[in-house]
Amino acid sequence: MKQLKFLLLAAGFIVATSVYAQEMPRRVFAAGGGQGGAGNVELSWTIGQSGMVGTFVQPSVVLNTGFQQFDNLMVSTDEILSTVSCTVYPNPFRDQIYLDIQTTDPVDVFVRLFDNYGRLLLDKHLGQNVSGFRQSVQTQQLAPGMYSLLVTFVDRNNETKKQLFKLIKH
Numbered sequence: 185m186k187q188l189k190f191l192l193l194a195a196g197f198i199v200a201t202s203v204y205a206q207e208m209p210r211r212v213f214a215a216g217g218g219q220g221g222a223g224n225v226e227l228s229w230t231i232g233q234s235g236m237v238g239t240f241v242q243p244s245v246v247l248n249t250g251f252q253q254f255d256n257l258m259v260s261t262d263e264i265l266s267t268v269s270c271t272v273y274p275n276p277f278r279d280q281i282y283l284d285i286q287t288t289d290p291v292d293v294f295v296r297l298f299d300n301y302g303r304l305l306l307d308k309h310l311g312q313n314v315s316g317f318r319q320s321v322q323t324q325q326l327a328p329g330m331y332s333l334l335v336t337f338v339d340r341n342n343e344t345k346k347q348l349f350k351l352i353k354h
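For the sequence shown, the working numbering gives the first residue as 185, with consecutive numbering after it.
These are calculated hints, taken from the structure and not from any lab test. You can take every hint at face value.
Once the Cα atoms are required to be at most 25 Å apart in a straight line, the calculated PhoX-like pairs of lysine-lysine come out as:
(1) K353 to K308
(2) K308 to K345
(3) K308 to K346
(4) K350 to K308
Simulated restraints, written as ranges between beta carbons of each label pair:
(5) F197 to Q242: 45 to 53 Å
(6) D339 to P276: 27 to 35 Å
(7) N341 to G311: 16 to 24 Å
(8) G311 to L348: 19 to 27 Å
(9) R278 to N341: 32 to 40 Å
(10) G221 to Q325: 37 to 45 Å
(11) L227 to R278: 37 to 45 Å
(12) L227 to G196: 48 to 56 Å
(13) T288 to M330: 28 to 36 Å
Backbone N, C-alpha and C define an ideal beta-carbon position, used for all residues, glycine too.
Sequences and hints are given; from them, build the entire structure.
Below, the structure is given as structure tokens:
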């Protein structure tokens with residue numbers, strides 16, 4: 185009889201813990217912070233967060249993020265124009281990198297190189313190109329580390345497509 189009570193109690197405990205899950209709201213205990221906005225730009229920040237989690241890159245903005253997270257995350261990618269392909273090599277690299285760009289339609293090509301802290305190191309317009317071409321980028325002046333190369337294509341309809349490459353320098 186005691187074993188039956190213990191068995192029923194254990195079964196009840198297992199069922200109760202598997203049916204009910206605790207939901208913990210996100211909270212940040214920071215030294216300070218705030219939020220603000222102008223037009224269609226909203227910004228919120230906290231002070232006292234340690235380290236960097238990632239980098240958000242747009243043509244005119246590079247933002248290093250901390251631990252502050254949002255619930256409304258929408259993840260999407262733009263398909264690169266089917267007429268455009270870009271290959272970057274070698275990776276890891278030493279003194280230079282090569283960009284092989286294949287295109288059948290005229291596109292303007294822009295290249296931006298960022299270091300691991302989001303600082304813009306290179307901003308170059310490669311011009312309007314048709315068919316395939318190779319462009320070299322000299323990198324002797326760069327210190328060993330991780331870099332991000334953002335290649336932007338603008339077609340004749342003014343549609344912008346981007347490819348982001350993570351590169352390592354020895």
